[in-house]
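Could you put together the complete structure from these sequences and hints?
Heads up: the protein sequence lines correspond to chains A and B, in order. Here my numbering is used: the first residue of the first sequence is 109, the next is one more, and so on. Here my numbering is used: the first residue of the second sequence is 109, the next is one more, and so on.
The set of hints was computed from the structure by calculation and includes no laboratory data. Treat the hints with care, as some may be off.
You can't tell identical chains apart in this list, so a pair holds if it fits in one copy or across any two.
Below, computed lysine-lysine pairings styled on DSSO-like, alpha-carbon distance capped at 30 Å [to be verified]:
#1 Lys226 <-> Lys255
#2 Lys124 <-> Lys167
#3 Lys124 <-> Lys193
#4 Lys255 <-> Lys223
#5 Lys193 <-> Lys267
#6 Lys302 <-> Lys290
#7 Lys255 <-> Lys161
#8 Lys124 <-> Lys255
#9 Lys290 <-> Lys167
#10 Lys267 <-> Lys226
Predicted model, so just to flag it, every value in this text is computed and none were measured.
Protein chains: 2
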Amino acid sequence: MNEVANKTGIFPICSKISLEEREFRNHQRCFVVLLTGLPASGKSTIATELERKLFDLGKHVCLLDGDNVRHGLCSDLGFSPEDRKENIRRVGEVARILANLGFICITAFISPCRKDRKMLRQMSLQGRFIEVFINAPVAVCEARDPKGLYAAARANRIKDFTGISAPYEPPLSPEVEIPTHKLTVSESVAMLLKHVLSQCRNGF
Amino acid sequence: MNEVANKTGIFPICSKISLEEREFRNHQRCFVVLLTGLPASGKSTIATELERKLFDLGKHVCLLDGDNVRHGLCSDLGFSPEDRKENIRRVGEVARILANLGFICITAFISPCRKDRKMLRQMSLQGRFIEVFINAPVAVCEARDPKGLYAAARANRIKDFTGISAPYEPPLSPEVEIPTHKLTVSESVAMLLKHVLSQCRNGF
Chain A
109 MNEVANKTGI
119 FPICSKISLE
129 EREFRNHQRC
139 FVVLLTGLPA
149 SGKSTIATEL
159 ERKLFDLGKH
169 VCLLDGDNVR
179 HGLCSDLGFS
189 PEDRKENIRR
199 VGEVARILAN
209 LGFICITAFI
219 SPCRKDRKML
229 RQMSLQGRFI
239 EVFINAPVAV
249 CEARDPKGLY
259 AAARANRIKD
269 FTGISAPYEP
279 PLSPEVEIPT
289 HKLTVSESVA
299 MLLKHVLSQC
309 RNGF
Chain B
109 MNEVANKTGI
119 FPICSKISLE
129 EREFRNHQRC
139 FVVLLTGLPA
149 SGKSTIATEL
159 ERKLFDLGKH
169 VCLLDGDNVR
179 HGLCSDLGFS
189 PEDRKENIRR
199 VGEVARILAN
209 LGFICITAFI
219 SPCRKDRKML
229 RQMSLQGRFI
239 EVFINAPVAV
249 CEARDPKGLY
259 AAARANRIKD
269 FTGISAPYEP
279 PLSPEVEIPT
289 HKLTVSESVA
299 MLLKHVLSQC
309 RNGF
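In structure tokens form, the structure reads like this:
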């Protein structure tokens, strides 16, 4: 009986279906794919296209968007450093749940801090976390600015904007790096798809 | 642009894969199954057996246990009324995510309050929530007491224990009611399985 059970009468129950059984049925390994990068670097575009292509190839795949959870699971959280960290922690918990259910779970959000990305990696099963650096220079992202966010940040209408008024810590050793200023969207997606497929076929 | 996006630059992105596509591939409808009832009424036993049987029938199914999430997603929460409500809200959010990904999502937890169960129903897609009342008299549950929790509650070592020192509000119109004091485990699981299968075949 663990500490929580001792104090509260909370006993976890265990599914009788193992991860191995789910993977065997789905004919694929499962893991978490984190797309990190500056605003307008191309994360969401690549994530949605990657999900579509994997689904069309018969894979069990889902997209857990850091922004979408803000409207549901994390609707109680604000944007203080503590709340941002808690937001990432919850995304990590749900990503783990989804990967343990046999999905390739794609998550896309800025996640500017190395220590937060490290936390996400540590929350995942060993060897089942793919960090993808969606890399474009800030000048390129700012020139794209499809949502007008960089302009708003320059005008001080958005505070602590990553890349302008808040730091982005580039990954030091990501599993994949996609230079979206040098590649088309199709090329970027194809590059990432190739890597993901090699991982999910591993052993199947 | 919604309010959150206005203030924060948070824009939700949308998966390009619809629920209909996932259901079509999985050959099943998906929904949330909530098992509610007193401690030791049989929720966890029935939930794990139901998941196993559905999986063996080729269904896409998962078990989201109210106690398990206490150790992960809700590890920041205590047992105050506010925290209990937040716990249920997060379980509901994750259940919705899972059902929207094509799963039959079984959730098992006491959930003693009608208004909380109503909230869970409202969080689910219309017509995709099955409330299952695992019903046994408190005297029967107390006689079972496999974890010694009723004894601990009688000795005041656990406070606010549902059925002893905290109220349980029975469902008024559950989709299914399983009287576990009158049925064996096998009979209980078979009864629920029959209902769930009728729902997930609907239209497939």
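For each hint, the structure was consulted:
With identical chains, the CA atoms of Lys226 and Lys255 are at most 30 Å apart within one copy only, with a shortest distance of 29 Å there and 38 Å across copies. When the C-alpha separation of Lys124 and Lys167 is checked against a cutoff of 30 Å, the pair qualifies both within a copy, at 23 Å, and between copies, at 14 Å. In this assembly of identical chains, the alpha carbons of Lys124 and Lys193 lie at most 30 Å apart only when taken from different copies (28 Å versus 32 Å within one copy). For the identical chains of this complex, Lys255 and Lys223 are intra-copy neighbours only, at 28 Å inside a copy versus 40 Å across copies, given an alpha-carbon limit of 30 Å.
Taking the closest pair of Cα atoms, Lys193 and Lys267 come within 30 Å of each other only inside a single copy of the chain (17 Å); across copies the shortest separation is 32 Å, beyond that limit. Taking CA atoms no more than 30 Å apart as the test, Lys302 paired with Lys290 passes inside one copy only; the shortest distance there is 18 Å, against 56 Å between copies. For a Cα distance limit of 30 Å, the shortest separation of Lys255 from Lys161 inside one copy, 25 Å, qualifies, whereas the shortest one across copies, 48 Å, does not. Taking the shortest alpha-carbon separations for Lys124 and Lys255, only the inter-copy value of 20 Å comes in at or below 30 Å, while the best intra-copy value is 46 Å.
For the identical chains of this complex, Lys290 and Lys167 are intra-copy neighbours only, at 28 Å inside a copy versus 44 Å across copies, given an alpha-carbon limit of 30 Å. Only within a single protomer do Lys267 and Lys226 lie at most 30 Å apart by alpha-carbon distance; the minimum there is 25 Å, versus 39 Å between protomers.
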